[in-house]
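Chemist: Next come the chains, spelled out residue by residue.
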Amino acid sequence: MAGIELQGLVKRYGATQVVHGIDLTVADGEFVVFVGPSGCGKSTTLRMIAGLEDIDGGEISIGGKVVNRLEPKDRNIAMVFQNYAIYPHMSVAENIGFGLHTAKLDKAEKRKRVEQVAGILGLEPLLERRPSALSGGQRQRVAIGRAMVRDPTVFLFDEPLSNLDAQLRAQMRLEIKRLHQRLGTTIVFVTHDQVEAMTLADRIVVMRDGRILQVGAPMELYEKPADVFTARFIGSPTMNVLPGRVVTEAGIATLALGEKPVALPTTVGTVPADVLVGVRPQQLRVLAGDEPADLVLTGSVAVIEPLGSETFVHVEFGGGLILASAPAKSPPAVGAAVRLGAPVAALTLFDAASERAL
Amino acid sequence: MSLSIDNQRSGGRFWGGLSLRRKQVVWAWAFLAVPILFYALIRFYPTVEAFYLSTTNWNLFSKPGFVGLANFERLWADVVFWQVFRNTVLYLAIGTPVSLALAFTIAYHLDRVRFLHGFIRALYFLPFLTTAAAMAWVWRWFYQPVPIGMINDLLSSFGLPQQPFLRSTSQALPSVLAPAIWAGLGFQVVIFLAGLRAIPNTYYEAARIDGVSNLTILRRITIPLLKPTIIFLVVFSSIGFLRIFDQVYNMTSGDPGGPLNATKPLVLMIYQTAFSSFEMGYAAAQTVVLFLVLLAVSFLQLRLLRDR
Numbered sequence: 001m002a003g004i005e006l007q008g009l010v011k012r013y014g015a016t017q018v019v020h021g022i023d024l025t026v027a028d029g030e031f032v033v034f035v036g037p038s039g040c041g042k043s044t045t046l047r048m049i050a051g052l053e054d055i056d057g058g059e060i061s062i063g064g065k066v067v068n069r070l071e072p073k074d075r076n077i078a079m080v081f082q083n084y085a086i087y088p089h090m091s092v093a094e095n096i097g098f099g100l101h102t103a104k105l106d107k108a109e110k111r112k113r114v115e116q117v118a119g120i121l122g123l124e125p126l127l128e129r130r131p132s133a134l135s136g137g138q139r140q141r142v143a144i145g146r147a148m149v150r151d152p153t154v155f156l157f158d159e160p161l162s163n164l165d166a167q168l169r170a171q172m173r174l175e176i177k178r179l180h181q182r183l184g185t186t187i188v189f190v191t192h193d194q195v196e197a198m199t200l201a202d203r204i205v206v207m208r209d210g211r212i213l214q215v216g217a218p219m220e221l222y223e224k225p226a227d228v229f230t231a232r233f234i235g236s237p238t239m240n241v242l243p244g245r246v247v248t249e250a251g252i253a254t255l256a257l258g259e260k261p262v263a264l265p266t267t268v269g270t271v272p273a274d275v276l277v278g279v280r281p282q283q284l285r286v287l288a289g290d291e292p293a294d295l296v297l298t299g300s301v302a303v304i305e306p307l308g309s310e311t312f313v314h315v316e317f318g319g320g321l322i323l324a325s326a327p328a329k330s331p332p333a334v335g336a337a338v339r340l341g342a343p344v345a346a347l348t349l350f351d352a353a354s355e356r357a358l
Numbered sequence: 001m002s003l004s005i006d007n008q009r010s011g012g013r014f015w016g017g018l019s020l021r022r023k024q025v026v027w028a029w030a031f032l033a034v035p036i037l038f039y040a041l042i043r044f045y046p047t048v049e050a051f052y053l054s055t056t057n058w059n060l061f062s063k064p065g066f067v068g069l070a071n072f073e074r075l076w077a078d079v080v081f082w083q084v085f086r087n088t089v090l091y092l093a094i095g096t097p098v099s100l101a102l103a104f105t106i107a108y109h110l111d112r113v114r115f116l117h118g119f120i121r122a123l124y125f126l127p128f129l130t131t132a133a134a135m136a137w138v139w140r141w142f143y144q145p146v147p148i149g150m151i152n153d154l155l156s157s158f159g160l161p162q163q164p165f166l167r168s169t170s171q172a173l174p175s176v177l178a179p180a181i182w183a184g185l186g187f188q189v190v191i192f193l194a195g196l197r198a199i200p201n202t203y204y205e206a207a208r209i210d211g212v213s214n215l216t217i218l219r220r221i222t223i224p225l226l227k228p229t230i231i232f233l234v235v236f237s238s239i240g241f242l243r244i245f246d247q248v249y250n251m252t253s254g255d256p257g258g259p260l261n262a263t264k265p266l267v268l269m270i271y272q273t274a275f276s277s278f279e280m281g282y283a284a285a286q287t288v289v290l291f292l293v294l295l296a297v298s299f300l301q302l303r304l305l306r307d308r
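Chains as they are written, first to last, in full-length UniProt numbering: chain D, 1 to 358; chain G, 1 to 308.
Bear in mind the hints are in silico, worked out from the structure with no lab data behind them. Don't be surprised by glycine CBs; every beta carbon is placed ideally from N, CA and C. Do not take every clue at face value.
Some chain G residues well away from chain D (every beta-carbon gap over 12 Å; in silico) [claimed, not checked]: (1) Lys227; (2) Phe232; (3) Pro259.
Distance ranges between label pairs, derived from CB positions [to be verified]: (4) G:His117 <-> D:Asp274: 47 to 57 Å; (5) G:Ala28 <-> D:Gly318: 50 to 60 Å; (6) G:Gly16 <-> D:Gly318: 53 to 63 Å.
Below 35 Å or equal to it, Euclidean Cα-Cα: the simulated DSBU-like pairs (lysine-lysine) are [claimed, not checked]: (7) G:Lys63 <-> D:Lys73; (8) D:Lys110 <-> G:Lys227; (9) D:Lys73 <-> D:Lys110; (10) D:Lys177 <-> D:Lys224.
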């Protein structure tokens, strides 16, 4: 087992730089998820760790050893691909065993390893089948099995669940997490799905345009996003971000937004005049009647989305739509004028110019 | 108003009464009918006719008289036929593997070349577009003795002995086969390239991470995944070599079939029997043999190469 260290990692394709000097340390046994929109450089970074892409600058170490110039096979890693990359002309057993092709083991020993891995993944009854006779989830498991059989120090997953339907994805997520708890091997996992990132990761790395925006535990990112992008990317549904003005008088900052000014806690420190106010839909509730709240917004209901446990309400406000939550059983009617309220503690303030959190 | 609607309904009663699926079937047969009729008239009828003619002694001038299997008995005893049969098998047995091996090697390496890729591919494809007659004449010049023949020129400049090529009973067949292989190479390279491109890159990346050698990747991944392409090309080029004619005819036009029939393929023999000797019945019998050989070889290949 081994940790991974990235130092000033750079990737260029011709004149375009796609990864801009990334620094990151992944501890031994850690489950790290790279998340970001398409083209943010997360897959490229993973492929550089794997050795499938050349490194144009910086350094990658795995287990304390610089691997920049090592072939993928010499890095002692295993990778699971989005399209599984399992060979259609080989049986499940042959596919899993293919990773052992170069291993100096005799046939019986190889077979034993394959069966061992198949046992862990519940593939034993399928060993002699061809991939075409397997379901999507089973193919995914074969791909993981092929990675496991070599007993690597690091697992790399490149969007492995993207080709599965929603239900299967949730199930495989669970299986991968349990597998990690069981094997304790370092995992680097790439996804564009923030739910996958939140549910799987020990630590999440949020990337955008070839740079790391924030690294942290899932709840840390949810509660203390470093900027507007991370705030909106992490958490479902997306956080509301509204422009507001802050007036500071006699050391007391008040936010001019909605029905009445909101007194900000003194801990906030100096605040610029123009801010962006972030509030999560779960914490922006539809108020009953004259119910008081720190921040109060008013608007008319445009769309109602009942989810069973709660109901989300899209409300017209300031020329756009904001999302708030309402009790599941007594949502307001479409077109009705509503008051929305949130406590001041639920507000996240960002500098309007830099979009960084205050 | 109501009258016109009634009219429309009664006019389309048959068509309107059909289910969607039936309508699709009617359309499908309507479109298929034209080519089926065409093939029946232009292909299937003459084929059946050839089978009939092979049992007659028709010579264009008299009415065909039924002779049973006499033509086949004559063929069995014909020394030239066996020479021709041997030549045809040689064209197939050398041509198909050599051309496929060459085409695959070229395609495999061309697939990795980005620089001038399209240009090089076009160069390989060019001979496929050229008329066989023109090409055959150029190759004929290559095979001439010094000072005309380029190959003999080259041999003599290295101090090597002159070769007779087309004038030798042993060298003539390979000498004719070489331009035939060369002419078909472009087509096979393009088909192989398409097959190679269709293999997802992640298969190779996964193999690289597993650390298997290039040879193993080629043997265990590339070739098995190319199987449909290989089957197609084996069958297609086998039929081509079994029916080889224009290369041979044009390269040995002074003495069609080469010295002592050394290069004569079955199709050329049929051509000569039919249009030089006007023995239509005998030629038809040879055609039937060629047809059966083609059928047998294609079936055998499809069976051997299909999923084991």
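Chemist: Now, for every hint given, state plainly whether the structure supports it.
Modeler: Comparing the hints with the structure gives:
no.	hint	in the structure
1	Lys227	violated (8 Å)
2	Phe232	holds (17 Å)
3	Pro259	holds (48 Å)
4	G:His117 <-> D:Asp274: 47 to 57 Å	holds (54 Å)
5	G:Ala28 <-> D:Gly318: 50 to 60 Å	holds (59 Å)
6	G:Gly16 <-> D:Gly318: 53 to 63 Å	holds (57 Å)
7	G:Lys63 <-> D:Lys73	violated (77 Å)
8	D:Lys110 <-> G:Lys227	holds (28 Å)
9	D:Lys73 <-> D:Lys110	holds (18 Å)
10	D:Lys177 <-> D:Lys224	holds (24 Å)
Figure legend: structure checked against the earlier numbered hints; hints not met, in rising order: 1, 7.
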